[in-house]
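**Q** Model the full assembly from the supplied sequences, consistent with the hints where possible.
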Amino acid sequence: MSRLNDSNVLLAHEIIERYPRKKSALIPLLHLSQEQNGWVTPEAMRHLAELLDITPAEVIGTATFYEMFKFEPVGKYVINVCQTMSCALLGSDGLMHHAEQKLGIKAGSTTEDGMFTLEPAECQAACTEAPTLQVNYRHRYRVTNDSFDQLVDDLRAGNLDGEIPPHGTLGRNRQHIPAEKFVGAPDPDDVSDGPVWIPVSVGDDS
Amino acid sequence: MSSDESNATEPVDATHDDAGHAEQGEEVAEQDVADDVEAAEEPAAEPDPNIVPVTLNGREIEAHKGELVIAAAERHDAYIPHFCYHPRMKSVGMCRQCLVEVDTGRGMQLQPSCMITVSPEMKIETESPTAKRAQEGMIELLLANHPLDCPVCDKGGECPLQDQAYSHGPGESRYVEEKRHFEKPIPISDLVLLDRERCILCDRCTRFADEVAGDKLIHFTQRGNQTQVMTFPDEPFASYFSGNTVQICPVGALTAEPYRFKARPWDLTAEESTCTTCSVGCRVVVQSSRDEILRYQGVDSDPVNHGWLCDRGRFDFEAVNSDLRLTDPLVKTEAGLTPTSWNAALNGAARLITDALAAGGPDSIGLLGGARGTNEDAFAWAQLADALGITYRDAQLGDGLPASILGLNRATIDEAASASTIVLLGPDIKEELPVLYLRLRDAAVEGNSTIVEISSVDTGLTRYAKHSLRHQPGLQADTVQRNSELLTGDDVVVVVGRGNLAESPDETMAALAAVLDANPNAKVLPALRRGNVVGALSVGMAPADDDHDGLATLRAAADGKLELLILLGADPLNDCPDTGLARRALAGARRVISIDTHRSESTQLADVVLAAAAYGEKSGTTTNIEGRVTVLADKVTTTGTARPDWMMAAELALMLDVDGDLVNVSSVDDVTAAIAAEVPAFADVTPAALVAERNGVLAGVVAGTLSDAVSAAGQRNSYDHRLVVGRKLYDRAIGTAMSHSIAKLAPGAAIHLHPLDIDALGASVGDDLQLIGAQATAILPVAANHAVPRGIAWAPFNQDGSVIETLIDATASVTDVKIEVI
Amino acid sequence: MSTAITRDYTPGFYEGDRPKVVTSRFEFEDSHTIDRYLATGGYDGLKKAIEMGPEKMAGEVKASTLLGRGGAGFPAGVKWGFTPQGVWPRYLVVNGDESEPGTYKDRLLMERDPHQLIEGCLIASYAAGLSQCFLYVRGEMPLAHERIATALDEAYAEGYVGKNIMGTDFSLDIVLHWGAGAYVVGEETALIESLEGERGMPRLKPPYFPAAVGLYGQPTIVNNVETLANLPFIASKGSDAYTAIGTETSPGTRMVAISGHVKRPGVYEIVNGTTTFRDIIYGDEFCQGIRDDNELKAFVPGGGSAPWFLPDQLDIPFEGKEAGMAGSMLGSGAVMVMDDTTDIPEAALTLVRFYAHESCGKCVPCREGGTWLLRILERVCAGHGTDADLDQILEVGQSICPGDMPHAASERLGLEATPFPYKMTTICFVGPSAYAPLHSALTLFRDEFDAKVVPAPKRISIPVAVAGS
Ligand SMILES: Cc1cc2nc3c(=O)[nH]c(=O)nc-3n(C[C@H](O)[C@H](O)[C@H](O)COP(=O)(O)O)c2cc1C
Ligand code: SF4
Ligand code: FES
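Protein chains in written order, with my numbering: chain L, 1 to 206; chain X, 1001 to 1822; chain F, 2001 to 2469.
If you are wondering where the hints come from, they were derived from the structure by calculation, not from laboratory data.
Treat the hints with care, as some may be off.
As the list claims (entries may be wrong) - Below, a list of computed lysine-lysine pairs in the DSS-like style, where the Cα atoms sit at most 30 Å apart:
hint, chain 1, residue 1, chain 2, residue 2
1, L, 181, F, 2047
2, F, 2423, X, 1123
3, F, 2048, F, 2237
4, F, 2062, F, 2321
5, X, 1216, L, 23
6, F, 2048, L, 181
7, X, 1090, X, 1132
8, L, 106, F, 2452
9, F, 2062, L, 22
10, L, 22, X, 1090
11, X, 1090, L, 23
12, X, 1744, X, 1728
13, L, 181, L, 106
14, F, 2205, F, 2263
15, F, 2020, X, 1123
16, X, 1216, L, 22
17, X, 1523, X, 1728
18, L, 70, X, 1216
19, X, 1466, X, 1090
20, L, 102, L, 70
21, F, 2321, F, 2020
22, F, 2458, X, 1132
23, X, 1090, F, 2423
24, F, 2205, L, 181
25, F, 2048, X, 1132
26, X, 1179, F, 2237
27, L, 23, F, 2163
28, F, 2020, F, 2048
29, X, 1123, X, 1090
The structure displayed is predicted, hence computed values, not measured ones.
**A** See below:
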């Protein structure tokens, strides 16, 4: 199934509602489609274009700008080894080399069993815990060759299933705004007044 | 300098502001304003508030308020190199080529001149060492990944990258790394190819697609050094305006299939002209090499096309070079139509005229056409008709609106595109008058105008309309009346044309009358499609009354009342919505003279065929929808012995020994001058004025009144569908059909129904359906179309395999069809 | 695994005997829950703010001189005042895209104390009259997403967010938005583009100053996560309590991440303006010196974009102006330390690669120049470079940053400092950032580059015979 499934379409509408302009929901919806399929399929992009009233070219234009979206199938686990300065200073090169050997693939490719995709990555905001990597964007800190082997074995054995969902899932929960508490997101063109709590002069002193 | 930018005009804001104030965000104290007003009353030199004094390369110059530095500098002969900046699109500051040094009081700073507006006392250095170093550096970086395949590049010789590398580049590349590689040109549509290696990512084509055309089908994809322009896979750049991207591409990344490898720019000679493919009248340059037209490029005419063209207008030059051109006059012999000499042909034609006059008098001759030629062509033939007393005449064949709308308070295109409310009655402007569509779309997108559309089906502008009111054919006037509150205001323009060829024009006229009832001040822009229809009607080809118009003429012919039918570039079998009538007319007219450029079904039925010079082969003038008269270039020699229509009329006048000016004209300028002398509305349109005014001369309007058309449509039987027949940009019209590059883009015949109606019929998309009308039955495949409301059947006019026209009865107010699955 | 981590639920964070403004709850394992938050004074700042009214609250923030923590260090209160009169609606966009090399603080704040951030958003929106808030979180931070999503659901349920907050007429939606991996999106105008569903390509300022023309063309306040996380403290304790910490020009505290070759790399909340780099790198309560007691070779004082400092600069305090005069900047509060075993060209390569890879592609100097620099440097590091390549680096750099480049003083080289900032031909700082570290490395450690290259083959110039001579 490549288009969003019915429950995801409902979710998509809920997400779109939160933005004053529909197209703002594009990146969240691309994530949603990637969560459903593991990668961003052409059919999904067409479907998002329909939902957001834009062209498929606009969807692919935005989608391909961002690193996290994959346009062909990837492994169940995408392992990103950070290569930027802090990690490099503490041996990420060696770690990458070891990872390639352990998985038997070159960085940038996927194991034959479809379990692992190995990628070089840029700074993961964990610089003090170098060298780091992410599995489906979940951090692992101060990774050694041994702890890498352990990680791969654990993933293979399913020991980390509770902690690390398959590729595509960002947070395992999402924000839900209760309808009765939702203030709403009118198009800015339809708003001319300031918020009610603001006395007219505030914010007008510049 | 490339022609696309030479006529840049920045809108000048006329708001009252002291030129001594910073132009943004600063308040002008009320007292200041009062002082200024007082001061302004004295003739003493109060500085013009729209002039901003700045220093450019040490010179004091006067810039316009709100003007970009790059535009001000260029107006004062300081050319700043640039690639992404285009005066008709929003600046993005992407290529960084236009960096100059600017001092606004905080010291010299490098700034992109395409993003900075002038401010008083600004100092600009476009050639300082720092600016030059930055410009050279940018060229070097741009060339780093450029393939430098100039010898085999279409753009070579007219390439801004090449030119600016020469004028502003470092003269040497130190880039020794391997260049980026992409597959060499890939088609991104049927007309345009993209070479990503040459692309410098200036965002012009993508901005054009988004901002100007509204067809966001090409987009940047990937990021950083991998960025490229692409379409979505399997979703080509099928825009009616795609050719413009080729013209504005500052390198050879985008090339047009019809021109590729045809010529080197330095072999081309060029002349300015006007496109007559439709009646918007876009300014073009016609370019040819070795006496063959090879390319049209848009010229920036401020009141009309802003430099843009539609693809139909841009690429239909192929028709001029077509093998099906008539090269010599033909006369019917026992062996069929055979080439002959002009003398013999004109004598033959003169004899047919004298015979007809003798047999039935002037009322037994009909003259149809003129809308495809020049003002001079139409005028000369109308003069001949006048001299002979011919009353059956029309430039339209039941496919337009009564000529009386030309007598209304006419709006210009600029007025329409700046009206607070634009009321659309009728046709799909995107399909019929594409560049007018761009102007109106822009007005709506920029938020200047509100569009109120009153039509039977969705159109290209529906997306941009604030109010889109759908009506069943026959109920347009009623819909107008019920929504008259949307039509009020001082500044309302009605754009009116023929939205439905299966509906009587009376219906449209009744709707127009209702609009003018609701708002008598509204101005009217006639949206009649054919190239010079307004000109032809204005200079004498309008019928005197409804009983002698195009349909009446055809009817008279069909009834055997016409001895002679003269077709002046008219092709009733393709032009008249009621093809049954057209067929009967051609069969019923005793003799037919056809003056045409190409062989057509109608020429095949003629007794004498006079080969006419085509667009680009003759000079003269044309008149667009707003009445703007502009000149046409004769760029190449005519095909064979073909000659302009007006010349044939003049020669016939001599042969027939008629009175009037016609016998005295010896050049096209004489005819132009005669029009100015004879046609009151064209009094100002003298040959001299046309030379002086680059954007042409607006003809006047001779006020007329609207006849009281009334809607006569009855109720639709709920089992039937009410038929709407409309035009698509690409159809079987000669210019399109004879241009192989665009002919293939015609969608083909089909009947379009709302998907739910298809379900209700128990049919599936693609099935052949039987359409049963009052006078005929037709079979067409069905297409699903959300733009078509339920209960309506829509079909494109004049497509290959088209049979829908047989269902149209020109005398009926609407056409209902019963649709059955077979 | 190092044993030095004090709390395994706040990896890398070390508290200390210093004033805490934004990390006060980090000691609790459940610091991210609303129960803990409310039990430790949570949402008191919001209550205070509403008592004060928007005008007074905005005044407090102005008085606190709270400096932006995203990189530019612009005072938040002043920025809020830049919104044009009478233009509504206005939006708040929270910059949680933390991806500057070396930077690690916003993620901790989002994961460990999401309610504090939410309260900060509420206070800012209340004070500046912002009608909707978008919390843009970097895509590669799922834990932050989960924690913020939960916290927002809790806050909505408890009436702290949404319609009629705490029964007042103050209403605000906070929408959690996900990024998808693009460093440049951290730049505020790119962030706005991205939030509009577009490619994250920066807009040119002027005219696109977010405070005037931002999200959907409306006035928009963009603030960093850490900046906003300071607001509950300022609202509840007052600007005086805040300015009592740090210095006059740099009040309060700052989160700083120190990575690289130190004994105890970590994230510390330090007192702003007074703590020196020597304190941070060598102090006992901080990093405790260089690993293996090696010599310090150089350090990056403010994130990957910053020109480098040498041991000569150790006594400069963590203060924006002083760092600027000394030839660099504090940026996002990220110090990367290199000891004397570091291969300098290789270290520079990791940053050049980063910025070349992260170019959005809009500006030619960044798109083409960044990649060109990378290619040359790769060649040099692989031992295939020539001395001409090193000059070429400086030439290409001139096309990105014309004129003098800032750099640190060096006693060893007899160099005077050239103060920050540089001139640039690009829209944003990504292009210059590909060059700045390389320029530092090449200027301060030319010998290490020289050691990797061979002399360029001489260009043979054939003399042109002039007729008659
Ligand atoms: C290339 C670039 C990347 C940036 N990345 C970030 C970032 O990841 N997080 C951040 O908060 N600010 C980042 N900034 C700074 C923002 O543009 C902006 O100044 C900041 O979010 C404003 O918030 P503040 O005033 O609270 O610091 C970046 C700036 C640039 C030029
Ligand atoms: S400097 Fe680089 S990242 Fe920044 S806008 Fe320009 S191209 Fe994009
Ligand atoms: S023309 Fe100004 S940046 Fe391209």
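**Q** Indicate, hint by hint, whether the structure satisfies it.
**A** Status of each hint after checking the structure:
1. Taking the CA atoms of residue 181(L) and residue 2047(F), the gap is near 19 Å; set against the 30 Å cutoff, the hint holds.
2. Using a Cα cut-off of 30 Å, the hinted pair residue 2423(F) and residue 1123(X) holds, with the two alpha carbons roughly 18 Å apart.
3. With a CA separation close to 9 Å, the supplied pair residue 2048(F) and residue 2237(F) stays within the 30 Å bound.
4. As the CA atoms of residue 2062(F) and residue 2321(F) are separated by approximately 19 Å, the hinted pair is consistent with the 30 Å bound.
5. With a C-alpha separation of about 14 Å, the suggested pairing of residue 1216(X) with residue 23(L) holds against the 30 Å cut-off.
6. Only pairs whose Cα atoms come within 30 Å are accepted, and residue 2048(F) paired with residue 181(L) is accepted, the gap being roughly 22 Å.
7. Distance check on the hinted pair: residue 1090(X) and residue 1132(X) sit about 25 Å apart at the alpha-carbon level, within 30 Å; holds.
8. Distance hint between residue 106(L) and residue 2452(F) is fulfilled; the C-alpha atoms sit about 27 Å from each other, no more than 30 Å.
9. A distance of roughly 35 Å separates the Cα atoms of residue 2062(F) and residue 22(L); the hinted pair therefore is violated under the 30 Å criterion.
10. Using a Cα cut-off of 30 Å, the hinted pair residue 22(L) and residue 1090(X) holds, with the two alpha carbons roughly 23 Å apart.
11. For the proposed pair residue 1090(X) and residue 23(L), the alpha carbon gap of about 21 Å is at most 30 Å, so the pair holds.
12. Taking the CA atoms of residue 1744(X) and residue 1728(X), the gap is about 13 Å. The hint holds against a cut of 30 Å.
13. Pair hint residue 181(L) plus residue 106(L) does not hold up; C-alpha atoms about 50 Å apart against a cutoff of 30 Å.
14. In summary, the hint linking residue 2205(F) to residue 2263(F) is not supported, as the alpha carbons are separated by about 42 Å, beyond the 30 Å threshold.
15. Between residue 2020(F) and residue 1123(X) the CA atoms are separated by roughly 50 Å; this puts the pair beyond 30 Å, and the hint is violated.
16. For the proposed pair residue 1216(X) and residue 22(L), the alpha carbon gap of about 16 Å is at most 30 Å, so the pair holds.
17. The straight-line distance between the Cα atoms of residue 1523(X) and residue 1728(X) is roughly 26 Å, inside the 30 Å bound, and the hint therefore holds.
18. Distance hint between residue 70(L) and residue 1216(X) is fulfilled; the C-alpha atoms sit about 23 Å from each other, no more than 30 Å.
19. Note on residue 1466(X) and residue 1090(X): the hinted pairing holds, with a Cα-Cα distance of about 24 Å set against a maximum of 30 Å.
20. The straight-line distance between the Cα atoms of residue 102(L) and residue 70(L) is roughly 23 Å, inside the 30 Å bound, and the hint therefore holds.
21. Between residue 2321(F) and residue 2020(F) the CA atoms are separated by roughly 24 Å; this keeps the pair inside 30 Å, and the hint holds.
22. Proximity of residue 2458(F) to residue 1132(X) is assessed by CA-CA distance (about 28 Å); at most 30 Å being required, the pair is judged to hold.
23. For the hint pairing residue 1090(X) with residue 2423(F), the CA-to-CA distance comes to about 25 Å; that is within 30 Å, so the pair holds.
24. A C-alpha spacing of about 37 Å is found between residue 2205(F) and residue 181(L), which places the hinted pair above 30 Å, so the restraint is violated.
25. For the given pair, residue 2048(F) sits about 57 Å from residue 1132(X) by alpha-carbon distance, which is inconsistent with the 30 Å threshold.
26. Distance hint between residue 1179(X) and residue 2237(F) is unfulfilled; the C-alpha atoms sit about 59 Å from each other, more than 30 Å.
27. For the proposed pair residue 23(L) and residue 2163(F), the alpha carbon gap of about 24 Å is at most 30 Å, so the pair holds.
28. With a C-alpha separation of about 20 Å, the suggested pair residue 2020(F) and residue 2048(F) falls inside the 30 Å cut-off, and the hint holds.
29. At most 30 Å may separate the alpha-carbon atoms for a hinted pair to count; residue 1123(X) and residue 1090(X) meet this at roughly 24 Å.
Comparing the model with each numbered hint stated earlier shows that hints 9, 13, 14, 15, 24, 25, 26 do not hold.
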